[in-house]
Amino acid sequence: MPADIEGYREYVAARLDPLRRTAYLLCDDWHTADDLVSTTLVKLLRHWRRVSAMDSPDAYVRRTLLRTWLDERRRPWRREAAWAGIPDRAVRAVTDGTADRVTVLALLAELPPRRRAVLVLRYFCDLSVEETAHELGCSVGTVKSQTARAIEALRGRLVTAQITPREADDHG
Amino acid sequence: MDEIGSEMRAAVADPPPSRIDVDGLIRAEGRRRRQRAWVWSGTGVAAAVAAVVAGPALVAGGAAPGSALGPTGLPSTLPSPDVSLCAGVSPKPSGPQPPLQSYGTVRTRPVEAPAAGVVRLTGALREVLRIRLPADLRVESAQPGCTEPQFQYHPSYREYQAGGWLRQGRESGLFLLQIRPTARDEARPDCAHAGNPQDCTVVRHPDGTATVRSTQPAGPGRQQLTVLVLRPDGTSVFGITNNFRAGPDGSTITASAPLLTLDQLDELARSPGLTLYP
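So the sequences go chain by chain: A and B.
The letter at position 25 of the first sequence is residue 25 when you use our numbering, and the numbering goes up by one with no holes.
The letter at position 204 of the second sequence is residue 1204 when you use our numbering, and the numbering goes up by one with no holes.
Derived from the structure by calculation, the hints contain no laboratory data.
Since we're looking at a predicted model, the values are computed, not measured.
Cβ atoms here follow ideal geometry from the backbone N, Cα and C, with glycine treated the same way.
Mixed in with the good hints, there may be bad ones.
Result set (EDC-like, lysine to aspartate or glutamate): computed pairs, CA atoms no more than 20 Å apart in a straight line [stated by the list, open to error]:
{"id": "1", "chain 1": "A", "residue 1": "Lys-43", "chain 2": "A", "residue 2": "Asp-55"}
{"id": "2", "chain 1": "A", "residue 1": "Lys-43", "chain 2": "A", "residue 2": "Asp-17"}
{"id": "3", "chain 1": "A", "residue 1": "Lys-144", "chain 2": "A", "residue 2": "Glu-131"}
{"id": "4", "chain 1": "A", "residue 1": "Lys-43", "chain 2": "A", "residue 2": "Glu-72"}
{"id": "5", "chain 1": "A", "residue 1": "Lys-43", "chain 2": "A", "residue 2": "Glu-6"}
{"id": "6", "chain 1": "A", "residue 1": "Lys-144", "chain 2": "B", "residue 2": "Glu-1003"}
{"id": "7", "chain 1": "A", "residue 1": "Lys-43", "chain 2": "B", "residue 2": "Asp-1023"}
{"id": "8", "chain 1": "A", "residue 1": "Lys-144", "chain 2": "A", "residue 2": "Glu-130"}
{"id": "9", "chain 1": "A", "residue 1": "Lys-43", "chain 2": "B", "residue 2": "Asp-1021"}
{"id": "10", "chain 1": "A", "residue 1": "Lys-43", "chain 2": "B", "residue 2": "Glu-1029"}
{"id": "11", "chain 1": "A", "residue 1": "Lys-144", "chain 2": "A", "residue 2": "Asp-126"}
{"id": "12", "chain 1": "A", "residue 1": "Lys-43", "chain 2": "A", "residue 2": "Glu-10"}
Away from chain A, derived, C-beta distances all over 10 Å, residues of chain B [to be verified]:
{"id": "13", "residue": "Glu-1007"}
{"id": "14", "residue": "Val-1012"}
{"id": "15", "residue": "Ser-1018"}
{"id": "16", "residue": "Val-1083"}
{"id": "17", "residue": "Leu-1133"}
{"id": "18", "residue": "Pro-1206"}
{"id": "19", "residue": "Thr-1261"}
Make a model of the complete structure from these sequences and hints.
Following this line, the structure appears as structure tokens:
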């Protein structure tokens, strides 16, 4: 017999939007984000009776989303493939208002999945170091080091991205 | 690094419309649950109940039929001396019992202690079986060493369940009753809650009780009947009976037809004593 479906509907209606945004930041693709969230919601529905009684269902859902994303990344068809030639890739349209966002997303996409997850949890979901460690199932020290490395990488690439056009102007 | 957070928020400020169909997900999950319920009720439930109950009881040496013992973990001095319970095994949660739901979307939970509920409901069930079952039909408990069916309380689901085998001569069939608080989304009787929505009827009774009746074909000569009784007081009684027994090598027909009709199963499930709010 189904659990309290109305309660589930209410919960999903309230949390769907932030979940999709979190998923998008993790995977950098809205279609994949919707797939991840759908999978997460199905898992949530199966355990809703138990989860709805928890103090913090949000933490459970976030953890499920993360696991779904990390598992998805391990799928064979997600692994890198060797190409004889460089395949065409969609190029983002960079306009004035979106340049910084695209830069941040592009830089996030270059990070390893767990390091990206650390940044999203810490700076988008506003979780503490301890909460992030709990969500990812790792130690506090790991979260701190992953955060530091991710920020260092972002900072380095942002500086490079900002300097390159200026240098080009100087030489042009 | 507040800039990272603000940049992330800006990057997802204008999401495209969602492709996620929550209702579709719920429907698909409902289909999966019904399929699982069908498989379990026809096969696994009886075997699982027997295995769970028989194992520890056999190890412990079992109890004499009819001995006035409370279920394991329950006090033996229960407040109803008229109902003798077998020393069965009550399922226990693997961890601490979760707190009650905090969203206010569930009906008020019964305040009756499970130990008292087991005694009261078992007494009511045995009484109604004694009165309502046809003379040549009897129910054997699924618990070894017990002659009569009795309820067990499942803490994880906060529901009571009683299982047994209907016997009539050489024919037999499953008999299972589950009693639980009515979930809010099930309060309105609807065939969407039936085991087989394609073969389902909703019957409304004068006392305000409604029954969702359903018949599920389970292969040639095999049939399973289910009733979901929704009482006005907020109690749901789910009843199952069938005419086959399934095992690892397939199912075996145990009777030419289920030994109870939908009317009889409905009547049993609607017995006044089978309520969580006495």
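Hint check results:
1. A:Lys-43 - A:Asp-55: holds (18 Å)
2. A:Lys-43 - A:Asp-17: Satisfied, since the Cα-Cα distance of roughly 17 Å is no more than 20 Å.
3. A:Lys-144 - A:Glu-131: holds (12 Å)
4. A:Lys-43 - A:Glu-72: Between A:Lys-43 and A:Glu-72 the Cα gap is close to 15 Å, so the pair holds against 20 Å.
5. A:Lys-43 - A:Glu-6: holds (16 Å)
6. A:Lys-144 - B:Glu-1003: At roughly 18 Å apart (the allowed maximum being 20 Å), B:Glu-1003 and A:Lys-144 satisfy the hint.
7. A:Lys-43 - B:Asp-1023: Given that 20 Å is the threshold and the Cα spacing comes to 15 Å, the pair holds.
8. A:Lys-144 - A:Glu-130: holds (10 Å)
9. A:Lys-43 - B:Asp-1021: holds (15 Å)
10. A:Lys-43 - B:Glu-1029: The hint holds at about 10 Å.
11. A:Lys-144 - A:Asp-126: holds (14 Å)
12. A:Lys-43 - A:Glu-10: Holds. A:Lys-43 to A:Glu-10 sits at ~16 Å (cutoff 20 Å).
13. Glu-1007: Contrary to the label, B:Glu-1007 does not stay out of reach of chain A, its closest Cβ about 4 Å off (not over 10 Å).
14. Val-1012: violated (4 Å)
15. Ser-1018: violated (6 Å)
16. Val-1083: About 27 Å separates B:Val-1083 from the closest Cβ of chain A, which puts it past 10 Å; holds.
17. Leu-1133: holds (26 Å)
18. Pro-1206: Correct as stated: the minimum Cβ-Cβ distance to chain A is 26 Å, above 10 Å.
19. Thr-1261: The claim holds: B:Thr-1261 sits with its nearest Cβ about 23 Å from chain A, beyond 10 Å.
Hints 13, 14, 15, counting from the list given before, are not met by this structure.
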